[in-house]
Amino acid sequence: MKHLPKHLQPRWRYLAIGLETRPGESIDRRSFQRECWYAGQNLLGDPGSARADLRVIRYEFDDGTGEAIVRVRRGETDPARAALACIDEVDGVPVGLVVRGISGTIRAAEEKFLDG
Amino acid sequence: MYEAVHAHPDGQSTVERLAETAADYGFEGVVVRNHSSARAEYDAEKIADEAGIDVVCGVEVRADDPQQASGAVGNHRTDETIVALEGGTNALNRFAVENDKVDVLADPMAESGDVNHVLAKAAAENGVRFEFNLAGVLRTHGGRRVRTIQSLRKLGEIVDYYDAPYVVSADPASHLELRAPRELLAVGEEIGFSREFVEEGLAEWGRLAERNRHVQSESFIEPGVERGRYEEEP
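Keeping their order, the protein sequence lines are chains A and B. The opening position of the first sequence corresponds to residue 1 in the numbering used here, with each subsequent residue numbered one higher. The opening position of the second sequence corresponds to residue 1001 in the numbering used here, with each subsequent residue numbered one higher.
Note that these hints are calculated values from the structure, not bench results. Incorrect hints may have been included.
Straight-line distance between alpha carbons at most 20 Å, and here's what the computed SDA-like set of lysine to any residue pairs gives [stated by the list, open to error]:
{"id": "1", "chain 1": "A", "residue 1": "6", "chain 2": "A", "residue 2": "103"}
{"id": "2", "chain 1": "A", "residue 1": "112", "chain 2": "A", "residue 2": "100"}
{"id": "3", "chain 1": "B", "residue 1": "1121", "chain 2": "B", "residue 2": "1182"}
{"id": "4", "chain 1": "A", "residue 1": "112", "chain 2": "B", "residue 2": "1182"}
{"id": "5", "chain 1": "B", "residue 1": "1154", "chain 2": "B", "residue 2": "1173"}
{"id": "6", "chain 1": "A", "residue 1": "112", "chain 2": "B", "residue 2": "1024"}
{"id": "7", "chain 1": "A", "residue 1": "112", "chain 2": "A", "residue 2": "77"}
{"id": "8", "chain 1": "A", "residue 1": "112", "chain 2": "A", "residue 2": "67"}
{"id": "9", "chain 1": "A", "residue 1": "112", "chain 2": "B", "residue 2": "1142"}
Chain A extracted, bound-state conformation (with noise of 0.2 Å):
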């Protein structure tokens, strides 16, 4: 389908992600995203989530420490923190997570807020 009029396309803000977990233990990726559509749902509501959108653009999870960029649409970004705070163990291994920053662009959040 073609693509839609530049004022059409939503607005996305991108939350650069920091994860960390016991040393050893590591989560996947389809977890991770999994439980940020869980967590949006039980925090948030159906509508509230599909608000939020809260997909996972970027994975990469190396030796307990990991790094993810999820996106949300603008405006939302507050009660997407929120829902993401509750995110506390994923496939039972107890998981702990911070929003590092928030920008307009994956480029953007990844040179910001993430190493690389």
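Model the placement of chain B on the given structure of chain A, informed by the hints.
Leaving out everything else, chain B in the frame of chain A:
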């Protein structure tokens, strides 16, 4: 903004680790509030220097009844900066708010505990802070979380009406359970507390620590009376 944490052996992470993570997340300090039966061994000043944030020694008294609580509060009052009492039954909640030696009534709505206007007035009078414990919002799901949020809202309404003092904490027992201040503000907003309300509650730990340190310092004799410099003979 401060966070009140449980360190090893009460929790799973050491005080160093918690302080380091809290500093990274933008907290100004941590209050170590291990339960009285699981005290941590640590050098607060050294950790504070290394992490670059304030480390406050505290204790959370866990007692079965008011008699036991009374003894424990008395024991800890002289050497801890912040003395909290774990609520959870009506008798303990009542004891805590009527005792000005207690700084914080921790998690008053847990288990069978409840708060009403009588307790709120007493707490306001004695300067005992109610704790808004966000642990149940952050780390439980389903019906239990619904009940936690309901009880927090009830406590919020009462505290707001009587202008009772309060603190807010996510009650982390490990560095993985810590959440940054901005996240806590967002969670608070989602469950019906304004950003300012949560921010005040997180900052209150710091003010409390500062006040108690001043009261426990050598120069303080009693309210309004302090040891100062003597006038020198001309």
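Results of checking the hints against the structure:
Only pairs whose Cα atoms come within 20 Å are accepted, and residue 6 of chain A paired with residue 103 of chain A is accepted, the gap being roughly 19 Å. The suggested pairing of residue 112 of chain A with residue 100 of chain A holds, with an alpha-carbon distance near 9 Å, which does not exceed 20 Å. A threshold of 20 Å between alpha carbons decides the hint, and for residue 1121 of chain B with residue 1182 of chain B the separation of about 31 Å lies outside it, so the pair is violated. A hinted pair counts as satisfied when its Cα atoms are at most 20 Å apart, and residue 112 of chain A with residue 1182 of chain B qualifies at roughly 18 Å.
Between residue 1154 of chain B and residue 1173 of chain B the CA atoms are separated by roughly 25 Å; this puts the pair beyond 20 Å, and the hint is violated. This hinted pair checks out: residue 112 of chain A and residue 1024 of chain B have alpha carbons roughly 16 Å apart, not beyond 20 Å. Taken as a hint, the residue 112 of chain A and residue 77 of chain A pair is honoured in the structure, with Cα atoms around 18 Å apart against an allowance of 20 Å. Of the supplied pair hints, the one linking residue 112 of chain A and residue 67 of chain A holds, its CA atoms being roughly 13 Å apart against a limit of 20 Å.
At most 20 Å may separate the alpha-carbon atoms for a hinted pair to count; residue 112 of chain A and residue 1142 of chain B exceed this at roughly 36 Å.
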